[in-house]
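Visitor: Residue strings, one per chain:
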Amino acid sequence: MSEFLNENPDILEENQLPTRKEDSTKDLLLGGFSNEATLERRSLLLKIDHSLKSQVLQDIEVLDKLLSIRIPPELTSDEDSLPAESEDESVAGGGKEEEEPDLIDAQEIYDLIAHISDPEHPLSLGQLSVVNLEDIDVHDSGNQNEMAEVVIKITPTITHCSLATLIGLGIRVRLERSLPPRFRITILLKKGTHDSENQVNKQLNDKERVAAACENEQLLGVVSKMLVTCK
Amino acid sequence: MTPDELNSAVVTFMANLNIDDSKANETASTVTDSIVHRSIKLLEVVVALKDYFLSENEVERKKALTCLTTILAKTPKDHLSKNECSVIFQFYQSKLDDQALAKEVLEGFAALAPMKYVSINEIAQLLRLLLDNYQQGQHLASTRLWPFKILRKIFDRFFVNGSSTEQVKRINDLFIETFLHVANGEKDPRNLLLSFALNKSITSSLQNVENFKEDLFDVLFCYFPITFKPPKHDPYKISNQDLKTALRSAITATPLFAEDAYSNLLDKLTASSPVVKNDTLLTLLECVRKFGGSSILENWTLLWNALKFEIMQNSEGNENTLLNPYNKDQQSDDVGQYTNYDACLKIINLMALQLYNFDKVSFEKFFTHVLDELKPNFKYEKDLKQTCQILSAIGSGNVEIFNKVISSTFPLFLINTSEVAKLKLLIMNFSFFVDSYIDLFGRTSKESLGTPVPNNKMAEYKDEIIMILSMALTRSSKAEVTIRTLSVIQFTKMIKMKGFLTPEEVSLIIQYFTEEILTDNNKNIYYACLEGLKTISEIYEDLVFEISLKKLLDLLPDCFEEKIRVNDEENIHIETILKIILDFTTSRHILVKESITFLATKLNRVAKISKSREYCFLLISTIYSLFNNNNQNENVLNEEDALALKNAIEPKLFEIITQESAIVSDNYNLTLLSNVLFFTNLKIPQAAHQEELDRYNELFISEGKIRILDTPNVLAISYAKILSALNKNCQFPQKFTVLFGTVQLLKKHAPRMTETEKLGYLELLLVLSNKFVSEKDVIGLFDWKDLSVINLEVMVWLTKGLIMQNSLESSEIAKKFIDLLSNEEIGSLVSKLFEVFVMDISSLKKFKGISWNNNVKILYKQKFFGDIFQTLVSNYKNTVDMTIKCNYLTALSLVLKHTPSQSVGPFINDLFPLLLQALDMPDPEVRVSALETLKDTTDKHHTLITEHVSTIVPLLLSLSLPHKYNSVSVRLIALQLLEMITTVVPLNYCLSYQDDVLSALIPVLSDKKRIIRKQCVDTRQVYYELGQIPFE
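Which chain is which? The protein sequence lines are P and B, in order. Using the working numbering, the first residue of the first sequence is number 1, and each one after it goes up by one. Using the working numbering, the first residue of the second sequence is number 10001, and each one after it goes up by one.
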């Protein structure tokens, strides 16, 4: 096994990190009044003009607004009465949109941790290929009452990297702050990438040890610095 | 002036000096006037001052001399006789022994020296006195100033044109010696400026400088580098840069300094301080510029070695930047300032040119030496960037040098290769020579086309260059983004080389860019090609149209599902083509016109094909954007263009707008196309507006096949948009009939009309109300007793037309609508209709340079908000019915949504409590509107937010959770606000909410929408970081 598996990684540029397709389109569209038909047209429009300031887009929004401004008077909210389905949709403005959940997936996890700074280099973990999208597994049914799990395998740049535990700690802190409590987080070194693989893996997933580390102000300060670059 | 008066004046002067200097000065002027008119003599002044001169009091003696000197300084240069000059001279000389009077004596000599009849002997004697008796170390800076001034005056009188050569010779050497004596050890910046200037004058004008050159140089160079920092409240405002510039100018004033300057400066170049290095380089640059080829011939080897070292050590631009704090500090002061790296290159450039102009054989020797030293870098691919920059800098000198550089250099590195790394270096380094070319021959412009360029060697390599770049772009794998982007950038740069490329070659490049922009998904390639096409179209607009735009347009199919292929390889999307058209046609006259015409023709065909709504939507949106983006640009769409476009496309548009379901039955397509019709009419010549109005009225109202007033017709929206574009002063006799007819039609048919149809008629009411029908007639149609939905809508839209023109009655009418908010049956509807008053209709905007198309006041929203705000607030406070309260809040929130935030500022203290209550309203739109205003408030009114943070935070936390009325937008903005609060509320306040926020937002991490989860993560991270100091 090569001792320098990731010693000189091809440093990725920011725009080369894997991203979710069409994320920007959906995010841009959220700002306005929306229904299914409008959303479809706006998506079409954004393909030819990537700008929310486009006069065409504004005209479409005004048109939708004016067409829908006259809606039946609604009932006052009352604990004892359940709203009808149609009222729900019309009031929320994007009822169907609400009902389509975005499940937590590997890309979402990757987006959370790829921009963490390496403690040694002025680069992010994603750029150094310490974290990779293909090494992230998410097991989540979407049911809020069921436990979910995230398993992340990290690739240190050198096999004797003494910062592996610090990097792992940074990732864990980031995820614990970002994921619902029902998620269990497991961080592992990728097989064969570190001299002390078993030992480090134990440390990274020992709850008591992690909790103790988070009470160390100096250590927490280092982690804090690593997380500053998260987007 | 009598002797008594003179004595009186003397007493007055002495009494006022240093106390009321203007009075003293005035008195001295009076005495001078008397001397000029010869009622007294200067010697009489001396006699009058005798007792003061002999006084035991030092202050009195100084004052007396100042009095005499002040009067002397005001005396005309040719007034004193030779004898008087001699007597005064001896008088001052006798006072020189009195050390306490040194400043005043020197000042007196400065006043005396320019006098016409002071003899050369006396000047020589004065110089001797300064040389022998004046010891600068014993005097303050203000005293040391005067010897410099004396020397300046002597120089200006005797060494400038007009003085006899014989006289000059007598004092030439003495003057220099005296200057060296006076200047030695000077430290005061003000005096130094004089010293540097005198030094320059001496070396530029005096004789026998050769004998003193080392001393003159030393008295300058001991000050290099300047480290002076101006003290605070400096009355003289001398800057570090002033001293540097003056010193540099003096050092470079004579070629006699060349040897010393070069050797000393090259020593200084080894300094580690970037600031010192920069000063040294800029001074060297000035030396090369001023000293000429002869001195370079003697020093170029040393210069070259030093500069080469400097350049080769700076391999990275970032490093270069970091090493030039001077550049950053001075950037705003001197735009032309060089970085250290650039200064080195510029020096080499000037060296080469000076040497070439001085002696071509020497230049040949220099260049051969440089080339021999740099050749190995090409062989071993070491420091290639610096190597090419040096050679291109040399080549920027003149045409002959350029040709020599190209002939010598290009064979060494301009070799095609398929090896990616080498190709990348080749293209990057070739770029420097393009810069040289542009420096020498100029930049391409429309005016320069056809102007021949002097023969240049680079032209001989043109085919090879194009081949290399073409292969890099078209043969490289799509994954080789960097190389292909570089190729595009380089092609774009070559377009700018005057006279280098033929139109055929430009056409080839346009073709490459067009094919790449269509087939490559990479953003870098896309924007590089886009920039390239834009750049080319500035000069070769016709070529871009013929080769690129025509191709793009021709690729558009008639059927949406039809495949589009380029190079028989790729499947291109229609959206991609339209995006490219929009991106690079902006502000290009031919490109915009032809695009609009073609797309309208295409739309006409596409609309007739089934299932073409989406495709029509794209085409219409593109046409609309082309109009909208260029509408105010006279260079693109002037009156003639507008008329030509209208004639070209309007028949096609009317054909489909009246017949094709893809348009008529699609809300978006119909509305947007109506907006296109607005643009087709907006800028046609004024003289045509009346004719067009009559024609449209016939078509839509009286005799045409549309006739919107007979039965509900969805094309009312088109008529409304067209009317919006036409001149409001046109004769429109049937305007009230149309208005009345529209109202009647709405009241009669509303229950059976589609929302789109109704909206078209309502907008028509708006247009007529705003610009054609009088306010009185409009108001006459109001029926406040009819509370049907349609009548309310009619009145709202009519009122909007009045509000937009800030009509006198609109305020009162608005208040009547406010009254309706308290009606339990219709209040809820009316509250939503309030948004109509302030919603922006794009065809009723104010366009710059166009005043005829509407009666809209720019600040109508501000006025409207001001009119209704207090009434709404007081009504809200006075009612106890929650439903009616909700109506007031809804109306207010919806108006706020469209009102510029600066209009809201003055009302924020009254508004704020209502905003907080609006957050509880059972309507997501109201909540969003309130949150948006709260966001603006947070940004602009920190104190107000801080005062209410204990109320705001819990509210925002509750709005972050999924709820019937917490739409995605509500939740998102609430989270954003929570994050913003940490930036405007003091830390200690925020810390008290840290735990609450972090725990309350845990459920939000499970929100169904990813965008909410993401914002929640960001907000929580900010709260985790409160007070946390990152470990350094």
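Keep in mind that a hint or two might mislead.
[As the list claims (entries may be wrong)] The calculated SDA-like cross-link candidates involving lysine to any residue, where the alpha carbons are at most 25 angstroms apart (straight line), are:
no., chain 1, residue 1, chain 2, residue 2
1, B, 11009, P, 145
2, B, 10308, B, 10282
3, B, 10863, P, 207
4, P, 47, B, 10521
5, B, 11009, P, 207
6, B, 11008, P, 106
7, B, 11008, P, 66
8, P, 65, B, 11006
9, B, 11009, P, 12
10, P, 153, B, 11006
11, B, 10747, P, 68
12, P, 53, B, 10939
13, B, 10748, P, 69
14, B, 11009, P, 185
15, B, 10748, P, 12
16, B, 11008, P, 107
17, B, 10964, P, 68
18, B, 10611, P, 231
19, P, 153, P, 64
20, B, 10385, P, 106
21, B, 10422, P, 12
22, P, 47, B, 10282
23, B, 10964, P, 69
24, B, 10845, P, 207
25, P, 231, B, 11006
[What the hints assert, rightly or not] Chain B is faced by these chain P residues, among others (derived, beta-carbon under 8 angstroms):
no., residue
26, 39
27, 41
28, 56
29, 58
30, 181
31, 224
[Said to hold, decoys possible] Take a look, some chain B residues computed to stay more than 12 angstroms from chain P by CB distance:
no., residue
32, 10652
33, 10843
34, 11024
Hints were generated in silico from the structure; no laboratory data involved. Bear in mind that the values here come from a model prediction, so they are computed numbers and not experimental data. All C-beta atoms in this analysis are idealised placements derived from N, C-alpha and C, irrespective of residue type, glycine included.
Visitor: A separate judgement is required for each hint: does it hold in the structure or not?
Guide: Against the structure, the hints come out as follows:
1. Of the supplied pair hints, the one linking residue 11009 of chain B and residue 145 of chain P holds, its CA atoms being roughly 17 angstroms apart against a limit of 25 angstroms.
2. A C-alpha spacing of about 16 angstroms is found between residue 10308 of chain B and residue 10282 of chain B, which places the hinted pair at or below 25 angstroms, so the restraint holds.
3. Taking the CA atoms of residue 10863 of chain B and residue 207 of chain P, the gap is about 62 angstroms. The hint is violated against a cut of 25 angstroms.
4. Between residue 47 of chain P and residue 10521 of chain B the CA atoms are separated by roughly 13 angstroms; this keeps the pair inside 25 angstroms, and the hint holds.
5. The straight-line distance between the Cα atoms of residue 11009 of chain B and residue 207 of chain P is roughly 30 angstroms, outside the 25 angstroms bound, and the hint therefore fails.
6. Distance check on the hinted pair: residue 11008 of chain B and residue 106 of chain P sit about 16 angstroms apart at the alpha-carbon level, within 25 angstroms; holds.
7. At most 25 angstroms may separate the alpha-carbon atoms for a hinted pair to count; residue 11008 of chain B and residue 66 of chain P exceed this at roughly 29 angstroms.
8. For the given pair, residue 65 of chain P sits about 31 angstroms from residue 11006 of chain B by alpha-carbon distance, which is inconsistent with the 25 angstroms threshold.
9. Taking the CA atoms of residue 11009 of chain B and residue 12 of chain P, the gap is about 29 angstroms. The hint is violated against a cut of 25 angstroms.
10. At most 25 angstroms may separate the alpha-carbon atoms for a hinted pair to count; residue 153 of chain P and residue 11006 of chain B meet this at roughly 24 angstroms.
11. With a C-alpha separation of about 19 angstroms, the suggested pairing of residue 10747 of chain B with residue 68 of chain P holds against the 25 angstroms cut-off.
12. For the hint pairing residue 53 of chain P with residue 10939 of chain B, the CA-to-CA distance comes to about 22 angstroms; that is within 25 angstroms, so the pair holds.
13. A threshold of 25 angstroms between alpha carbons decides the hint, and for residue 10748 of chain B with residue 69 of chain P the separation of about 21 angstroms falls inside it, so the pair holds.
14. Among the hinted pairs, residue 11009 of chain B with residue 185 of chain P is consistent with the structure: their alpha-carbon atoms are about 21 angstroms apart, no more than 25 angstroms.
15. Restraint check for residue 10748 of chain B and residue 12 of chain P: the C-alpha separation of about 67 angstroms exceeds 25 angstroms, so the hint is violated.
16. The suggested pairing of residue 11008 of chain B with residue 107 of chain P holds, with an alpha-carbon distance near 16 angstroms, which does not exceed 25 angstroms.
17. Proposed proximity of residue 10964 of chain B and residue 68 of chain P is supported: the alpha carbons are some 19 angstroms apart, at most 25 angstroms.
18. Proximity of residue 10611 of chain B to residue 231 of chain P is assessed by CA-CA distance (about 42 angstroms); at most 25 angstroms being required, the pair is judged violated.
19. The hinted pair formed by residue 153 of chain P and residue 64 of chain P fails the criterion: a straight-line CA distance of about 47 angstroms is larger than 25 angstroms.
20. At most 25 angstroms may separate the alpha-carbon atoms for a hinted pair to count; residue 10385 of chain B and residue 106 of chain P exceed this at roughly 42 angstroms.
21. Simply put, residue 10422 of chain B and residue 12 of chain P have alpha-carbon atoms about 20 angstroms apart, close enough for the 25 angstroms limit, and the pair holds.
22. For the hint pairing residue 47 of chain P with residue 10282 of chain B, the CA-to-CA distance comes to about 51 angstroms; that exceeds 25 angstroms, so the pair is violated.
23. The hinted pair formed by residue 10964 of chain B and residue 69 of chain P meets the criterion: a straight-line CA distance of about 19 angstroms does not exceed 25 angstroms.
24. Between residue 10845 of chain B and residue 207 of chain P the alpha-carbon distance is near 62 angstroms, which puts this suggested pair outside the 25 angstroms criterion.
25. A C-alpha spacing of about 19 angstroms is found between residue 231 of chain P and residue 11006 of chain B, which places the hinted pair at or below 25 angstroms, so the restraint holds.
26. Here the hint on residue 39 of chain P is broken, as its CB sits about 12 angstroms from the closest CB of chain B, past 8 angstroms.
27. Look at residue 41 of chain P: its Cβ gets to within about 6 angstroms of chain B, closer than 8 angstroms, so that hint holds up.
28. Using the Cβ-Cβ criterion of 8 angstroms, the hint placing residue 56 of chain P at the interface with chain B is satisfied: the shortest such distance is roughly 5 angstroms.
29. Against a cut-off of 8 angstroms between C-beta atoms, the interface hint on residue 58 of chain P holds, since the closest Cβ of chain B lies about 7 angstroms away.
30. The interface hint given for residue 181 of chain P holds, since its Cβ lies 6 angstroms from the closest Cβ of chain B, which is under the 8 angstroms cut-off.
31. Given hint, residue 224 of chain P at the interface with chain B, holds; its Cβ is 5 angstroms from that chain's nearest Cβ, closer than 8 angstroms.
32. A cut-off of 12 angstroms between C-beta atoms confirms that residue 10652 of chain B is not in contact with chain P; the least separation is 20 angstroms.
33. At roughly 9 angstroms, the least C-beta separation between residue 10843 of chain B and chain P is not larger than 12 angstroms, which violates its mark as non-interface.
34. Here residue 11024 of chain B does not stay apart from chain P, with its beta-carbon only about 6 angstroms from theirs, under the 12 angstroms limit.
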